[in-house]
Amino acid sequence: MDAEYAIIGGGVVGLSLAWGLSKRGHRVLVLDGSDGGFRASRGNFGLVWVQSKGLTEPAYARWSQRSAAAWAGFAAELGEATGRDLALRQEGGYDFHLDEAELEAKVRLFQGLRARLGGDYPFEVLGHNALKREEPKIGPKVAGAILHHQDGHVNPLRLLQALAADVRRMGGRVLTGQVVTDVAGGDGFAMTCADGTRHCAAKVVLAAGLGAMDLGPKLGFAAPIRPQRGQVLITEKLPKLMNRPSGIIRQVDEGGVQIGDSKEEVGFDDSVTLEVAATIAARAVAIYPALARAQLVRSWGALRIMSPDGLPIYQQSPTMPGAYLVTCHSGITLAAAHARFLPAWLDDAADAPDLEVFSERRFALS
Amino acid sequence: MDEVDLLILGAGPAGMAAAAEAAGAGLVVALLDEQARPGGQIYRDVTAVPPARAAILGPEYRAGRPLAEGLADPRIRHIPGATAWKIDPDRTIAYSVDGKAALIRGRRLLIASGALERPVPIPGWTLPGVMTAGAAQILLKQSGILPRRAVIAGSGPLLYLIAAQMVRAGTPPLALVETQTRGDLLAALPHLPGAIRGWRSMAKGLGWIAELKRAGVPRHRGARDLAVDGAGRAEALALTAGGRRRTIPCETVLLHEGVVPNIQATRLLGLPHRWDQAQRCFVPRHDRWGETPLPGIHVAGDGAGIGGALVAELSGRLVGLCAAAALGRLDPVERDRRAAPLFRTLARERAVRPFLDAAYPPGPQTLSPADGTIVCRCEEVTAGEIRRHARLGCKGPNQAKAFGRAGMGPCQGRFCGLAVTAILAEANGQSPDETGYFRIRPPIKPVTLAEIAAMAPTGPDKDSA
Amino acid sequence: MNDASPFLDLDPGGPRVSVRFDGTDHALPEGANLAAALLAAGVRVFRATPVSGAPRAPFCMMGACYDCLVLIDGVTRQACMTRVTDGLVVERAPGRDLHDG
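Residue numbers (the UniProt record's numbering), protein chains in the order written: chain H, 1 to 366; chain W, 1 to 465; chain D, 1 to 101.
This is chain H alone, in the form it adopts within the complex (with noise of 0.2 Å):
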């Protein structure tokens, strides 16, 4: 055996469980892609974010609250350790709205989540006078914003980078540009990559993202998943424009200010439409005005991972044990919860946390 745990996919999911993994003492193997492949680890927001997360599944906030909870102390761990500072704000976010309706209808989703966590769920309302005061550059359109005080945002590719570093750093394996192509089980499990060669563990975990629509049926899951596109625009370095994040548009502690996001169904196709890039254009300067004279640098479309419910699936295999599924749309997000709490349930252990609820079973009941 080459390792106890092989895991299937080097992005930031992936990594937080090889990282979780070797804390608990274990010898990983990581295997991951091509350079040119799909990546959301790569093309992702950024954010640690609660709000709006699990409005119509409560046990999916929690699990979101849970991660945000424990990221100071993952970020400060993982940050001593490598000597990157990961640029973790946790000091809320908004969502912003143009539309007074709009903002009253969300208030409502929000409130009933609320009741239904039993009143743990901090956020405020403020309309566009009190909005002002926190942020004072935003623009006259704004009719206001739901401040939830849970959220924040991160710097996604300093964690993926400290993940990489520090996995190795602990004795993990990771090796790059290995396109896993077959797994199969047995005993343990081996993996053969495009590239002809092959490893192989005691268990298996399967955080290929995308990747998993393929592999996942060889190890016995149904692996429902989809891409989703998302389209992100970022604009040179500017002085400091706005205090807090929220999901549309953050300013990224290099001074660049990102602004994002469409959910696009286009199957494979990560390219960059001028519809889009110039819609979300226009609703970010119409929230900052400023951003009007900024110049965009940079754009690209990232292929999210979705599952029809929108929640993570976290699955052993029914009919190959020891093989596990992890898949989300929320890697940064989840990342302290899959560093943190998901090895234990890995390990079967006593303190595991209970995931039924993100079983691939639910979509089967259905």
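Worth flagging that the hints you see were computed from the coordinates, not collected in a lab. We put the beta carbon where it would ideally sit given N, CA and C, even for glycine. Hints are supplied without guarantee of correctness; some may be wrong.
Straight line, CA to CA, 27 Å or less: simulated DSS-like cross-link-like pairs of lysine-lysine [stated by the list, open to error]:
{"#": "1", "chain 1": "H", "residue 1": "Lys137", "chain 2": "W", "residue 2": "Lys100"}
{"#": "2", "chain 1": "W", "residue 1": "Lys100", "chain 2": "H", "residue 2": "Lys141"}
{"#": "3", "chain 1": "H", "residue 1": "Lys141", "chain 2": "H", "residue 2": "Lys263"}
{"#": "4", "chain 1": "H", "residue 1": "Lys137", "chain 2": "H", "residue 2": "Lys106"}
Chain H regions said to be covered by chain W (calculated; three or more residues, Cβ under 8 Å) [said to hold, decoys possible]:
{"#": "5", "region": "32-41"}
{"#": "6", "region": "154-166"}
{"#": "7", "region": "174-188"}
{"#": "8", "region": "202-215"}
{"#": "9", "region": "288-300"}
Given chain H, work out where chains W and D should sit, using these hints.
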């Protein structure tokens, strides 16, 4: 949206010649170019240059004037001052003029965006006072200014040309520092018989060298370990040559290690590229008519592989003929009849390249800069950081970009891309083809959010957050 | 800015107009390339980088390197892609410490 028969990006020799040829066959042509006047970099401002300056620049430069004047054809719409920032495989270009964005589409599209100077990552190359040799040429052509106390350093015939022009202008360079070696020249000798076919280019180069010798410009050959010294600005160039370290005080350092295809547009289109080992650069794949694997999209000129101005002009004419035939304005037999002499001249003009490529290879610092040297000028990422990313498993430049921001700045990797690929290839023991290149995304040039927002289908007022 | 320019101007004649760069007025050739005209006028440093604050000046003169960025009407522009017009007000582009990071 505007529609034309042939849409051309770049008004250098390839673009201008393609426009003239296509218009001559009856096509409606639009020619987008960033500059106010046609000519590209090689013939920059050739229609406006005063006679005294034209004399300094020499006959090769003045040869571009008829091409630029050919744009007066009423079927050619020259759109100057146009920055193209998005190009789609359906041959639509989004561009801005004076801060206003527009779309234009061609039934055929020619990418003729020319060359860029190869990045020359040496210590101190980001200091004020360090420029590319091409920049000095542009300053001379367009603005009539030249550095007074300059050292020219690197490799390639352009070094001799700019030095000769400075001599003619009465401000000779303080020194010519050349990174190519006697060994490079020996390696080039087998290509000499071929190069004789292109003897005109060879003779020009020898003429420039003779001019420099007469003017007494010191030459240092086989120079290694170049570094620009200075506090806050270039004050000297340090180098090792002939076994001796020396420092040449100066105010300006002009760097040049050859030119490479500007592949931003062709990468943006997702076109396949191959590594050209002789020229040490990526080249978009294309057939003899400049057509790429994307139907109706052509490349010509230096952007299709470095060949110089005459090759660019000829390859542009071939695209013009091909486009005219493809759109039914020119009988294929007539196309081939007109193309035959162009192909013959092209072969002759290209004959000198293998010799030049071998005799003037990019210096070792361009391919393997020292750890402390900045590679990505925009994000200030060093070669050592790229190597560290390789140790963290980065096999290609896109993961390295995510890890360390190289290539994320406004220049979009234009001045670090080749160095990043070279460093990763060396560190990982891979070829440049296996290593790959940055994935280029729009905008290929920055565009204000106001410009892009103005193109929203619904307008900002109708959309809510 | 009072340093003698490191550049020799071959055609110093022609009409000049007033351009303000970083608070200093310069008489520059009308219609000239702004980057070239500022270099000829003795301006050596155009900006400080937003990453380290290092000084930069025109490098490529062909709109590719973005080292000659300046601020005109609140928009960062490439000086080498800008023409000199009378009354042009050019500021330094925002550098380090102007953003949160």
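Going down the list of hints, with the structure as the test:
1. H/Lys137 x W/Lys100: 25 Å, holds
2. W/Lys100 x H/Lys141: Answer holds: W/Lys100 to H/Lys141 is near 24 Å, not above 27 Å.
3. H/Lys141 x H/Lys263: OK: H/Lys141 and H/Lys263 at ~23 Å, within 27 Å.
4. H/Lys137 x H/Lys106: Roughly 23 Å separates the two Cα atoms, so the pair holds.
5. 32-41: Per the Cβ count (6), the hint holds.
6. 154-166: It holds, with 5 qualifying residues against the three required.
7. 174-188: As far as the region 174-188 of chain H goes, the hint holds, because 4 residues have Cβ atoms under 8 Å from chain W.
8. 202-215: violated (count 0)
9. 288-300: As far as the region 288-300 of chain H goes, the hint holds, because 10 residues have Cβ atoms under 8 Å from chain W.
Hint compliance for this structure: hint 8 alone is broken.
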